[in-house]
Amino acid sequence: MEPGFIFLAIGYALLFLAFLGYLASISARQRRLEDRLEQLQGRADSK
Amino acid sequence: MTPTRTEPAISPLAAVSAAAMLIGLWAIFFWVPTEAFQGQVQRLFYIHVPSAWIAYLAYAVVLVASIAFLARGGERWDQLAHSSAEVGVFFTGAALVTGMLWAKPVWGTFWRWDPRLTLTFVLFLIYVAYLVFRALAEPGEESRSGRIAAVIGIVGFVAVPLIHFSVDWWVGQHPGRTVINPQDNPQLPGEMLITLLWMVFVFTLLYTVMMGMRMRLARAQAALIRSEAGV
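For the protein sequence lines, the chains are A and B, in the order given.
Heads up: the first sequence begins at 1 in the numbering used here, then just goes up one per residue.
Heads up: the second sequence begins at 48 in the numbering used here, then just goes up one per residue.
For reference, chain A alone in the conformation it holds in the complex (with noise of 0.2 angstroms):
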């Protein structure tokens, strides 16, 4: 196998799993986030 090739296959799988990640991060944040502002909106409605 031409060695090229190892970081050929390295680049491109660091790549989507860097894509992957950065969406799932920012899927995450997004959940944390509604879920604080759910609470918040039912402390607000239970006063």
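Among these hints, one or two may not hold up.
Calculated cross-link-like contacts (lysine to any residue; reagent style SDA-like; alpha-carbon spacing at most 25 angstroms) [stated by the list, open to error]: (1) B/Lys151 <-> B/Gly140; (2) B/Lys151 <-> A/Ala18; (3) B/Lys151 <-> A/Ile10.
Source of the hints: derived by calculation from the structure; they are not laboratory data.
Quick caveat, the model's predicted, so the values are computed rather than measured.
Given the coordinates of chain A, assemble chain B onto it according to the supplied hints.
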């Protein structure tokens, strides 16, 4: 506007991006001929160059949104600048890492302090500093920290034209401009040029998807700050 869980996600565009990416990957691995001198590793070019160009685009959006925020105010401009800076850092990191992986088999080393590489690293650090500054802003100081961040976002953009023209202005090891080249435009063979332009299109779609998600997050953050402040 306060985002809600029922707000539609941008999944149709994400699906189009994924399909476009699959077509691009097919072209990269099965359609484009292998480059004669560099071999298989040259196929990193089709993600390295679009990553760098989309980073330029992201920082151009930071520039425009930051100027608009300073001139007119408005939370949305600040959110746009902040979101685009974060996505820009992602693409700059992708360009740096894919470039290093290309350099190892071709140059024999991951890194050289070449003008373009060094300036790209400086650009990366400027916008990482921008994000760190924003993350450290005191609660209640969002408007003031937004204005200071806008200045960093505007000044940081100076590095973009320097990077783009660095291969013409200074002697270095980074390959010269092969796509937008006034002397011989373009230098790339047809399949390589078509695949590269397709991947630029795909990365533009990805940027749009990421910005859509990141802007939604920014709106939720602003809504939470308002709720906590009792506004």
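Against the structure, the hints:
At most 25 angstroms may separate the alpha-carbon atoms for a hinted pair to count; B/Lys151 and B/Gly140 meet this at roughly 17 angstroms. Between B/Lys151 and A/Ala18 the alpha-carbon distance is near 21 angstroms, which keeps this suggested pair within the 25 angstroms criterion. At most 25 angstroms may separate the alpha-carbon atoms for a hinted pair to count; B/Lys151 and A/Ile10 meet this at roughly 12 angstroms.
The structure is consistent with each of the numbered hints, conforming to all of them.
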